[in-house]
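Chains as they are written, first to last, in the numbering used here: chain A, 1094 to 1907; chain B, 46 to 184.
Keep in mind the hints are simulated off the structure, nothing from the lab.
Small disclaimer: the values here were computed from a predicted structure and weren't measured.
Be aware that a few hints might be false.
[As the list claims (entries may be wrong)] Calculated cross-link-like contacts (lysine-lysine; reagent style DSS-like; alpha-carbon spacing at most 30 Å):
{"no.": "1", "chain 1": "A", "residue 1": "K1864", "chain 2": "B", "residue 2": "K106"}
{"no.": "2", "chain 1": "B", "residue 1": "K48", "chain 2": "A", "residue 2": "K1504"}
{"no.": "3", "chain 1": "B", "residue 1": "K106", "chain 2": "A", "residue 2": "K1504"}
{"no.": "4", "chain 1": "A", "residue 1": "K1639", "chain 2": "B", "residue 2": "K155"}
{"no.": "5", "chain 1": "A", "residue 1": "K1468", "chain 2": "B", "residue 2": "K144"}
{"no.": "6", "chain 1": "B", "residue 1": "K155", "chain 2": "A", "residue 2": "K1504"}
{"no.": "7", "chain 1": "B", "residue 1": "K106", "chain 2": "A", "residue 2": "K1813"}
{"no.": "8", "chain 1": "A", "residue 1": "K1390", "chain 2": "B", "residue 2": "K106"}
{"no.": "9", "chain 1": "B", "residue 1": "K48", "chain 2": "A", "residue 2": "K1542"}
[As the list claims (entries may be wrong)] Where chain A lies over chain B, by a calculated footprint (3+ residues, C-beta under 8 Å):
{"no.": "10", "segment": "71-82"}
{"no.": "11", "segment": "111-123"}
{"no.": "12", "segment": "130-143"}
[To be verified] Pair by pair, the computed Cβ-Cβ distance ranges are:
{"no.": "13", "chain 1": "A", "residue 1": "V1609", "chain 2": "B", "residue 2": "I61", "range": "34 to 44 Å"}
{"no.": "14", "chain 1": "B", "residue 1": "K96", "chain 2": "A", "residue 2": "W1149", "range": "33 to 43 Å"}
{"no.": "15", "chain 1": "B", "residue 1": "K96", "chain 2": "A", "residue 2": "I1251", "range": "37 to 47 Å"}
{"no.": "16", "chain 1": "A", "residue 1": "S1690", "chain 2": "B", "residue 2": "G120", "range": "37 to 47 Å"}
{"no.": "17", "chain 1": "A", "residue 1": "D1271", "chain 2": "B", "residue 2": "G149", "range": "53 to 63 Å"}
{"no.": "18", "chain 1": "B", "residue 1": "A62", "chain 2": "A", "residue 2": "D1545", "range": "44 to 54 Å"}
{"no.": "19", "chain 1": "B", "residue 1": "G120", "chain 2": "A", "residue 2": "S1706", "range": "53 to 63 Å"}
{"no.": "20", "chain 1": "B", "residue 1": "S97", "chain 2": "A", "residue 2": "D1248", "range": "36 to 46 Å"}
{"no.": "21", "chain 1": "A", "residue 1": "K1329", "chain 2": "B", "residue 2": "I61", "range": "28 to 38 Å"}
{"no.": "22", "chain 1": "A", "residue 1": "Y1292", "chain 2": "B", "residue 2": "K96", "range": "36 to 46 Å"}
{"no.": "23", "chain 1": "B", "residue 1": "S97", "chain 2": "A", "residue 2": "P1267", "range": "54 to 64 Å"}
{"no.": "24", "chain 1": "B", "residue 1": "G120", "chain 2": "A", "residue 2": "Y1718", "range": "49 to 59 Å"}
{"no.": "25", "chain 1": "A", "residue 1": "D1776", "chain 2": "B", "residue 2": "K96", "range": "31 to 41 Å"}
For each residue, glycine too, the CB sits at the ideal point set by N, CA and C.
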Amino acid sequence: MQYEGEHLLIGQIGHFLVLLSLVSAIVASISFYKSTQSKELQQAQNWLKLGRISFWMQALTVIAVFVTLYLVIYNHYFEYKYAHQHSKRSLDIQYLMSCFWEGQEGSFMLWAFWQGMLGLVLMRTAREWEAPVMGVISLAQVFLCSFLVGIYFFDIRIGTSPFVLMRNEFPDAPIFKDPSYLLKYLTDGNGLNILLQNYWMVIHPPILFLGFASAIVPFAFAIAGLWKKDFGGWVKPALPWTLFCGGILGLGIMMGAAWAYESLTFGGYWAWDPVENASMVPWLLTVAGLHTMLVYKSTGYSLKASFVFIPLGYLLVLYSTFLTRTGVLGDTSVHSFTGEGNSLYWHLLFMILTFSIITIVLYFVNRKAIPEIKKEESMNSREFWMFVGSLLFFVAASYIIILTSLAFANKLFGTQWAIGQDVEFVYNRVMILVTIVIALLSAITQYYKYKDTTRKYIWSNLFIPTVITLVIAGLISFFGNIDYDKYGIGFLVAIHVALWAAIYSTITNAFYIFKVMKGNLKAAGASISHVGFALMLVGILISSAKKELVSINRTGIAIPGLKDVKGKDENPLENITLIQGVPTEMGRYTVTYEADSAVKKNDRVFFKISFVSNDSTQGNKGKFYVYPNAFLVKGEKGMNLSSNPGAQHYLTHDIFVYITSWLNPDNIKDTASFQRYWVNKGDTVFYSKGYIVVDNILYANKHDNKDLPVVDSAWVSDLKIVSNDGRGYTAQPAYFVTNNQPSVKIDTVFTQNLLLTIGNAKEDKIELGIKESDAVMRYITLKAYLFPYINVLWIGVILMVIGFGVSIFKRIKR
Amino acid sequence: MKKLQIAALVVIAGAIAGLLTLTKDITTYDSIASARKKEGRYVHLIARLDKSIPVVYDPIKDPNYLSFQAIDSLGATTKVIYHNAKPAELEHSDRVVLKGQMNGQVFECKEILLKCPSKYKDDPTQQLKNLPNAVSSSN
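Isolated chain B, as found in the complex (with noise of 0.2 Å):
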């Protein structure tokens, strides 16, 4: 089985090779203040939107202009910019991760994943809040 080995280990070699190369692509997660502290890198930030400070997006003045304040679950808040459309549910989102890099005082973002209440069918608090509420419906 030489060849086959040597073919194997070449194969093989290549894959780690692969996977070594990644590093500079593995990126964490990040709160607002880590994430401060890294300015310039890119990174994950866990956070929900803060809905005491208006979303700012007018496709008529730009279509790819969206900015909103995210806060984080220790407190800390940013303003975050998004050059694309506005997400749809981004309202009605309880978390959203934020891909993308903080720039000065500003987390200048690549990409959105929101998670919506909607998308939780299958968790049983969610459930119980989209409940229809007796004391309210019967009046």
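Here chain A stands alone, though its shape is the one from the complex (with noise of 0.2 Å):
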């Protein structure tokens, strides 16, 4: 059959493309291993030129691969099917780039991008180093190609190509029977997860992907010295790019804590969800094999340690992509990656294996060649304390990836366990007191000098700082009204503890770069990125600590008048449903639901809710509006609401706003009929929740009353209405004859769900017509959050960062 309006020759180029990066691959790993291995240097050298022709044909097919996706995405093309589920003509421009994350394709596509470019850069760097070091690389790229190239071998698919067509995906489907398909039926695609648009989900995959993709050169590096057995030579030029892993897999971590604390409405930037310990996991890894590298570096010790801690890293990047991509996490998490089925999953526990093997047996043939200092280290020395704190975060890091991969042990032994009631609260409390000791490690390690260190130095040295901590955080403590009880005074004396530790912490870094560096930034970068790690901690604990719901509800309804028993005092519950224009107290603030957006771009709903501070000194600086949003995404049943928070940021403080329901008043049947009664000027009338007073009636016709053009007669009544908890509003519903064609004018009183209106009119009497319907009321149901000092946790993140490259800055030039 001949289909009308396809463009088949991107889609062609694009599969060649992603064939030749595999081949490139393929073939410049098989270069980069002969090179390593020839013992002859002529040979050597030749292959090793090979290698570099193919990994540079690689690093640019797989650009070209890249620019092609991006054109059919960018063009509309929805006969592919990347194109078809993850975009659509109305997507704003800068969200093209998302749809490339968004599917599991493009984000192996950025994967490879990046340990592409890092691999170009190795080349150039390297040295000595470049062949083992590339083969590695070069392997790991024909992993990650072919998870692109979709061709079967014999009856198994090996791999998924983003360049598939519809019609070829779904044969059976009756559209493509018909010739013009294209053109009558798949005019639009499904378009990007709501979530994903957001400029953060722009910014952070990039990043996060650069983070997994920077943790196979220390392992290259790694199995590098295992390999030409030199044990101890990878660590020094490993060491800049060791640092350059920690600070972007951090960076690209907390990145995504941001997006989620600003767009997911689970309250806050970390919820110990899977696909968030997953990527921990290997920076904990890394960070903890940076300090045992730096240990050896200076000392000779713990080169055993690095070999376990930077492989473990990678090894675990690629564990924390099986648990996140092959849906094995399924029913633990809100995170939707899924699986593509079980092909990928044994794609990637193939690449898994073949990794986790290849270390292994390098190492346990090496064993007993690998260096090693029988004389064991000083309790007084700066190594003994880094190599304690790494074994530390080794731990955390295996706590948190046991619990992770709960829902991957129930398939493989068919059991069926799960993190109970409390998920926050099983990785917390063991977290609390890494927290302790990791930043009283990090607080006074620095003090201590290699090999040994006399108490004197380090008590001259600490002595300020420690005094400055008592008082700073014996303040922060005594007055900061850190009382979270949740979990008991066991749990609160932790938090003050761990509070006090990282303060110390903070402050002795600080106190390090003035008195000990004198100063010296450029040779710092290691106490700039402990006082932000540390300032991290302090804002950790201080914002979840004190986080606070404002929306709570101890009635279980904000409506007066209306009582419900289900909300306790001591289990508040979050919800609060504001009704358009009526002031409800929520804790100490005054919110108003004002307005919402009736332009519905992209199917979305912009609504206006004002803040009044309830601390009457602050006059009209207590007044803000704040702007969550929602998309109506189109379900079996009408409309959906999928909200997005709006924020109002403080440098002190956050306030967090989300829509959890919204009454569309367009999605409403009105049931309700009027009650209609004959009345009089002064007459009452009482309706379900209060009563009407007719206090005036005005009536008027032409004959009498020139000023009326318009119509011949006019009846204008005005009512008050008081509600039974005592509120009044008022109305002035009207009736009009013209030719003796009727015609009203309704009013309505939305907090008491009435419309009111005149049905007839006789000179001083009107027929009031009342009616309760649901219809009339606009409402929303809302949640609320404060979140106290959630900047020192994002100044943390930056100051560890530039620490980090600080740090690499210094090693690179030495």
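Hints are included, so try docking the two chains, each in its own frame, into the full complex.
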């Protein structure tokens, strides 16, 4: 059949480029392998040259694949499955890149792109390590490209091409019987998950994947060290790369946290979700490895530990990918990556096993030959405490990854385990102890010298920062109102201890820069990073312990006059319903749902919510507006709401609001009818929630009132509505007659669900129509949180990354 | 390496102790029938929304009260009460994981995880379902 309107050439080019990149990666791997193994110098050089050429080719083809896929998405070629599943015409242009990482193939492509770029840098800088390091990286590149080829090997499909056509993927679908299916039916795509339509999602995935990709560099150096039997020589050239990985991966993870903070609705930057954990564990191991590498470089200790931590860091990147991409996490994660089915499962498992076996075999073959110092470290030495800290990071990482793997264990062993009631606390109560020890270690360890340190030296330097800490931490502890007692006094004490330790670490490290290093910032990378890390801990501790639910609902319902017994004081419920125009007290604020946007751009509704501080001393400064918004997603039964929080940022705290429910008035069928009463001025009529007084009736007609140009006669009423809780409202429904044709002006009292009209009129008498209907009322249900001192966390992240950068710069210059 | 070994042992012992204390936090995935047998114990229930019974959620009356009927793959049903806002995609979900406990005949739910077709963008059967249908759209 000849199909109309398809653009097949670009896809064929794309698929060809994918195959070319795979082939050149294979050639590069073999060449670098041969070059490393060659005894003869000339031969090694020849192989190296071939390796370089093919790796360049590889990197360039990956870029070309990237561009090709971008063109497919950009031009809305919906005959391609990738464009159809992940984009649509109305998508803002800045989010077109986000379409890449929504899908499996695009993510692997991004990873391969970064790995290619890192390889190009390494070919220029790695010198004598080039061949073995590039051999490892090329092998990884072979795997990454193989995820994209989508070719059949007997009956098994290897990888998934991003250039497959819809009609080839779903040959049985009836629409493809029509040669002009593309012009008739596939005119638009499914669009991008709205959670990804956020500026953080444009920048967070590339940074995170650069972090993941860079984890291979220290790994490749470690393997190269074992391979070339130069067991310690790899450490020095690998150090800047380990720092790079630590900094970028850390930054990428925290950008993800910032995204979660701003656009996910679970009210925070970290939820111990498996996907978050899986990205954090490689970072912990890389940082542990970084410290043992530093120890080795300065003292000769901890080499074996580096050979454990650094490879584990990379292998855990692969394992994390496996956990999050194959759908094994299934029921445990709110993130929605799901499986390509079994093919990807085995494919990734094969990649993990390949690299694990290479590592384990090389390590155990060389185990005896790896140099080791027999004499043990002194307890007064820096290396001792650095090692203890690294070990603790390793233990923390193990704890996290074991719990995160429960779902995978269930799959393997057919069990049914899950973490129970309080997932966050299961992690937090262990991590708080880790925090205390790590913060203390990072506070004092820099004051130790390598090999041996006198007590006197340590104390003479630590005395002043210790005193400062006692004062500052004491003040915060006693006057900071940190009284998070949900988990009892023990946990509260632990929070305070951890806070003291984190503050101590901040101050000692800052002090170290200025006192011991005499303010030489270029050499102070480690201290800057430690200040940043400690500030992160301070920010995490304070903002988590003092996080406040603003929308506390103790009555179950915020509407005056109605009571509900379900909300209890000890367990306040989290949602409050706001009726348009009715100020509602919410903790320290009075909150009003002012309006919503009539214009639904891209099916998105904006809400305007005002907050007025109840603290009267603030005057007008205490008022601000928050604009949460929500996407309306088409569902089986009408529209569904997908909420996007609105926030008001202050230096010391943020206020977050998100809509949990919205009654779209357009969707309601109005079933109630008007109750009618003949009334005179001064009469009273009752309705279900109160009564209505007819304050006045103004009657006019053309004969005795010349000011009535348009209508013949008019009745305008002045109504006073008093609800059961004593609130008063007014309404002015009216009734006009022109040429014997009546017309009415209806008035409404939103908060009382009231629709008021005049159905008929005779001189000074009117027929008042009263309707009580949900359709009148506009309301939203929302949650609001207050996060204090979250900026301390973000400043900490920035400082930590700067510190990594300074250290890299220093080490490269050397 | 004596001191280091001691340090390592202490740390690892601590970790094992930490994992051991977990045992009381480890729960199981259950069917409705087996959750009934463990009344009062915190479990994860895998079920789906029973669409034959209307979902009760009226934010005007109480924004923190949701009730619906869940049915599991064995056909057992239970009423579920959730003291929080209704997840927007509840009616769309084809599977829900309910965390909470049986309380008499009612499942008191503390947390709901939804598995929605819209999330399964990479699932071929769902993709096929989402395709426009030639017969109906050409009408």
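For each hint, the structure was consulted:
Proposed proximity of A:K1864 and B:K106 is supported: the alpha carbons are some 19 Å apart, at most 30 Å. Restraint check for B:K48 and A:K1504: the C-alpha separation of about 40 Å exceeds 30 Å, so the hint is violated. For the hint linking B:K106 to A:K1504, the alpha-carbon distance of about 43 Å lies beyond 30 Å, and the restraint is violated. Distance check on the hinted pair: A:K1639 and B:K155 sit about 23 Å apart at the alpha-carbon level, within 30 Å; holds.
Under the criterion of a C-alpha separation no larger than 30 Å, the hint pairing A:K1468 with B:K144 is inconsistent with the structure, at around 53 Å. For the hint pairing B:K155 with A:K1504, the CA-to-CA distance comes to about 25 Å; that is within 30 Å, so the pair holds. With a C-alpha separation of about 25 Å, the suggested pairing of B:K106 with A:K1813 holds against the 30 Å cut-off. About 67 Å separates the Cα atoms of A:K1390 and B:K106, which puts this hinted pair outside 30 Å; it is violated.
This hinted pair checks out: B:K48 and A:K1542 have alpha carbons roughly 18 Å apart, not beyond 30 Å. Here's how the segment 71-82 of chain B fares: 5 of its residues keep a CB closer than 8 Å to some CB of chain A, so the rule of at least three is met and the hint holds. Under a criterion of three residues with beta carbons nearer than 8 Å to beta carbons of chain A, the stated coverage of the segment 111-123 of chain B fails, only 0 such residues being counted. Counting residues of the segment 130-143 of chain B whose CB lies closer than 8 Å to any CB of chain A gives 7, which reaches the minimum of 3, so the coverage claim holds.
Evaluation of the 34 to 44 Å hint for A:V1609 and B:I61 yields a pass: the beta carbon distance comes to about 38 Å. At roughly 58 Å, the beta carbons of B:K96 and A:W1149 sit outside the given window of 33 to 43 Å. One distance hint, 37 to 47 Å for the beta-carbon pair B:K96 and A:I1251, holds here, with the actual separation near 40 Å. Judged by the Cβ atoms, the range 37 to 47 Å given for A:S1690 and B:G120 holds: they are separated by roughly 45 Å.
A:D1271 and B:G149 have their C-beta atoms about 56 Å apart, which keeps the hinted 53 to 63 Å range intact. Under the hint 44 to 54 Å, the C-beta atoms of B:A62 and A:D1545, about 33 Å apart, miss the expected range. Between B:G120 and A:S1706 the beta carbons are some 54 Å apart, a value that agrees with the proposed interval 53 to 63 Å. Remark: the range hint 36 to 46 Å for B:S97 to A:D1248 is upheld by a beta-carbon distance near 42 Å.
Range check, A:K1329 to B:I61: Cβ separation about 36 Å, and the 28 to 38 Å hint holds. At roughly 38 Å, the beta carbons of A:Y1292 and B:K96 sit within the given window of 36 to 46 Å. One distance hint, 54 to 64 Å for the beta-carbon pair B:S97 and A:P1267, is violated here, with the actual separation near 30 Å. Taking the beta carbon of each, B:G120 and A:Y1718 are about 51 Å apart, inside 49 to 59 Å as hinted.
The supplied range of 31 to 41 Å is broken by A:D1776 and B:K96, whose beta-carbon atoms lie about 49 Å from each other.
Checked against the numbered hints listed earlier, the structure breaks hints 2, 3, 5, 8, 11, 14, 18, 23 and 25; every other hint is satisfied.
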